[in-house]
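Start from chain A and add chain B according to the hints.
Chains as they are written, first to last, in the working numbering: chain A, 330 to 487; chain B, 1001 to 1387.
Because the hints were derived from the structure by calculation, they are not lab data.
Some clues are possibly wrong.
Stated by the list, open to error - Taking lysine to any residue and the SDA-like style, the derived pairs with C-alpha atoms no more than 25 angstroms apart in a straight line are:
id, chain 1, residue 1, chain 2, residue 2
1, B, K1355, A, R333
2, B, K1355, A, G334
3, B, K1355, B, R1023
4, B, K1355, A, L336
5, B, K1115, B, A1377
6, B, K1355, B, P1033
7, B, K1249, B, P1116
8, B, K1249, B, E1362
9, B, K1355, A, G337
10, B, K1355, A, Q332
11, B, K1373, B, A1024
12, B, K1115, B, L1381
13, B, K1249, B, G1026
14, B, K1373, B, P1033
15, B, K1115, B, K1249
What the hints assert, rightly or not - Which chain A residues face chain B? A few, computed with CB under 7 angstroms, are given here:
id, residue
16, L336
17, M425
18, T436
To be verified - Pair ranges (Cβ atoms, derived):
id, chain 1, residue 1, chain 2, residue 2, range
19, A, R394, B, T1028, 38 to 46 angstroms
20, B, V1164, A, W387, 40 to 48 angstroms
21, A, V451, B, F1315, 46 to 54 angstroms
Beta carbons are placed, not taken as given, at the ideal position from N, Cα and C, and that holds for glycine.
Given next are the chains, with one letter for each unit.
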Amino acid sequence: MTQRGPLGMAMFLLSEAVFFFLLILAFVYFRSAGAANLNLEAGALDTAGLLASVFSMWRATAGDRRWLAITIGLGAAFLVGQGIQYLHLIRDGVTMSQGLFGTTFFTLAGVHGLHVLIGLVVLALVPSTAIRAMALYWYFFACVWLVIFLVAYVGNVA
Amino acid sequence: MLLITGGSIGAAINLIVTVTTERAPGMTMRLVPMFAWGTLVTSIMIVVALPALAASLVMLLSDRLLHARFFDAAQGGAPLLWQHYFWIFGHPEVYIAVLPAFGMISEIIPVFSRKPIFGYPFVATSTVAIAFLSYGVWVHHMFAVALGRNVLAVFAAASMLIAVPTGMKIFSWIATMWGGAIRFTTAMLFAVAFLLEFTVGGLSGVVFAAAPVDWQMTDTYFVVAHIHYVLVGGTVFAVLAGVYYWFPKISGRLLDEKLGRWNFWLIVIGFNTTFFVQHFLGMLGMRRRVFTYPDLPWFGALNIISTVGAGILVFGVLLLFANIAMSLYFGSVAGDDPWNAWTLEWSTASPPLLKNFEELPEVRSRRPLWDSKHPEAPDWLALGGGA
Chain A
330 MTQRGPLGMA MFLLSEAVFF FLLILAFVYF RSAGAANLNL EAGALDTAGL
380 LASVFSMWRA TAGDRRWLAI TIGLGAAFLV GQGIQYLHLI RDGVTMSQGL
430 FGTTFFTLAG VHGLHVLIGL VVLALVPSTA IRAMALYWYF FACVWLVIFL
480 VAYVGNVA
Chain B
1001 MLLITGGSIG AAINLIVTVT TERAPGMTMR LVPMFAWGTL VTSIMIVVAL
1051 PALAASLVML LSDRLLHARF FDAAQGGAPL LWQHYFWIFG HPEVYIAVLP
1101 AFGMISEIIP VFSRKPIFGY PFVATSTVAI AFLSYGVWVH HMFAVALGRN
1151 VLAVFAAASM LIAVPTGMKI FSWIATMWGG AIRFTTAMLF AVAFLLEFTV
1201 GGLSGVVFAA APVDWQMTDT YFVVAHIHYV LVGGTVFAVL AGVYYWFPKI
1251 SGRLLDEKLG RWNFWLIVIG FNTTFFVQHF LGMLGMRRRV FTYPDLPWFG
1301 ALNIISTVGA GILVFGVLLL FANIAMSLYF GSVAGDDPWN AWTLEWSTAS
1351 PPLLKNFEEL PEVRSRRPLW DSKHPEAPDW LALGGGA
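Pulled out of the complex, with its shape left as it was, chain A reads as follows (with noise of 0.2 angstroms):
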């Protein structure tokens, strides 16, 4: 009985990790100028963050519920600092419809917060009996953005 959840969300994730390597492949196949754009700084600052979450959502697996609302301030936190990235990206002038660079970083990245989004809510609500399947979720979703921040972020300062 408890190996179906986690089995159906590895599915899942399966399925996701295809639909992400194809955005991912596509920001890189156009490898368009427009990445000084980017404020690695910020950006590393988002990866600690969520990857601190990692740590916080694996002890949260053994049943305790603080360390569950540390992940879920640590999710947050990684919205509230990609959100003040599109803010600054848009006052420079790189929005979806401006350039390639626009297209594919704000498709990229944005469809990754909006799972990290969705994420946040469904470990508000969830049953302890899930969270073996959510963590598993959570973890992907980290590995994700760090797959992003290497490519976008790191990658095109070079």
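Positioned in the frame of chain A, the structure of chain B alone reads:
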């Protein structure tokens, strides 16, 4: 469409988890019915292929609603990216549509030939092989895009390769029928017709897997004929066989066999009349996706034949609906096991009770119902079937 994609993935996950964790005691993966094998592999394919469609749709929606520039060549976007992403989904989708059909045929042909399926491990393995290969052939939908000779060669070879596991299945089904006591029920008629029609569709597919042939045939009615022989001659015929086979289990009543025969012959004659001539029309150069055609020799005559066939096909399909509607109320009562079949669904009531089985069935071979009917010669004894 994005929502349908999500729904399909959800259903597929449900099926994968069910097949892997909810089997009856003794039902190992080497004993599950071939239809369950087909469903499992199809579901995994859905999980891996449909997100490619979802990604394409997200990008397309961004373009259309948010004025993004993924596919707008005038703004530096790449329409070619759309073609790749769409067909990375699109070609596996063809096999997603046909693998469950293969599974149904693998259930129906043995029961009406009174023989266990020939080469069970090969039928299962070829299903997995098809699933893997189907991810390496998408570019054969794009041969006319000028992608470079090496790319074409690789994808042409891969596309031809996929005919091998498919051919294995065809030979397994023929070998199952060989020497069997065949009962030509309507379900079996559709299954046999499936073998013939699908082989035609498969062979025309191998023909234009060769890139130069594809350059000649692309966007002609030859492609239209091919896709219909695969999807109608393949999937739809198998589904019709499945409808006649499982309708009694689902509804508790048999479909009328006499109407079934009319239904079968009208559909077979109508289908072949409609689509076979389109091979010739395509080779003569008639373009698809254009509502009219030039007045060239044979074009008119062949199109008339095709139109008449479509008319016949309509009557066949209407007869199917009539048969279903009438049999639902007036059909003869089926009983638990009208076909003297072997798999577990036929051991329970028709239609099945709320929890399917009153007690968990014991499974020791691929034909558990045969075993309980023939305690003197069960499969697990004769074939070492527990293996």
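Cross-check of the supplied hints:
1. B:K1355 with A:R333: 19 angstroms, holds
2. B:K1355 with A:G334: 22 angstroms, holds
3. B:K1355 with B:R1023: OK: B:K1355 and B:R1023 at ~14 angstroms, within 25 angstroms.
4. B:K1355 with A:L336: 23 angstroms, holds
5. B:K1115 with B:A1377: 14 angstroms, holds
6. B:K1355 with B:P1033: With Cα atoms ~19 angstroms apart, B:K1355 and B:P1033 stay inside 25 angstroms; holds.
7. B:K1249 with B:P1116: Given that 25 angstroms is the threshold and the Cα spacing comes to 21 angstroms, the pair holds.
8. B:K1249 with B:E1362: 20 angstroms, holds
9. B:K1355 with A:G337: Answer holds: B:K1355 to A:G337 is near 22 angstroms, not above 25 angstroms.
10. B:K1355 with A:Q332: Holds. B:K1355 to A:Q332 sits at ~22 angstroms (cutoff 25 angstroms).
11. B:K1373 with B:A1024: Cα-Cα ~19 angstroms, so holds.
12. B:K1115 with B:L1381: Cα-Cα ~16 angstroms, so holds.
13. B:K1249 with B:G1026: Satisfied, since the Cα-Cα distance of roughly 24 angstroms is no more than 25 angstroms.
14. B:K1373 with B:P1033: 18 angstroms, holds
15. B:K1115 with B:K1249: Holds, at about 21 angstroms.
16. L336: Since the shortest Cβ distance to chain B is 5 angstroms, the answer is holds.
17. M425: 5 angstroms, holds
18. T436: This interface hint holds because 5 angstroms falls under the 7 angstroms limit.
19. A:R394 with B:T1028: 38 to 46 angstroms: 41 angstroms, holds
20. B:V1164 with A:W387: 40 to 48 angstroms: About 46 angstroms separates the Cβ atoms of B:V1164 and A:W387, which means 40 to 48 angstroms holds.
21. A:V451 with B:F1315: 46 to 54 angstroms: Because 52 angstroms falls inside the window, the suggested range holds.
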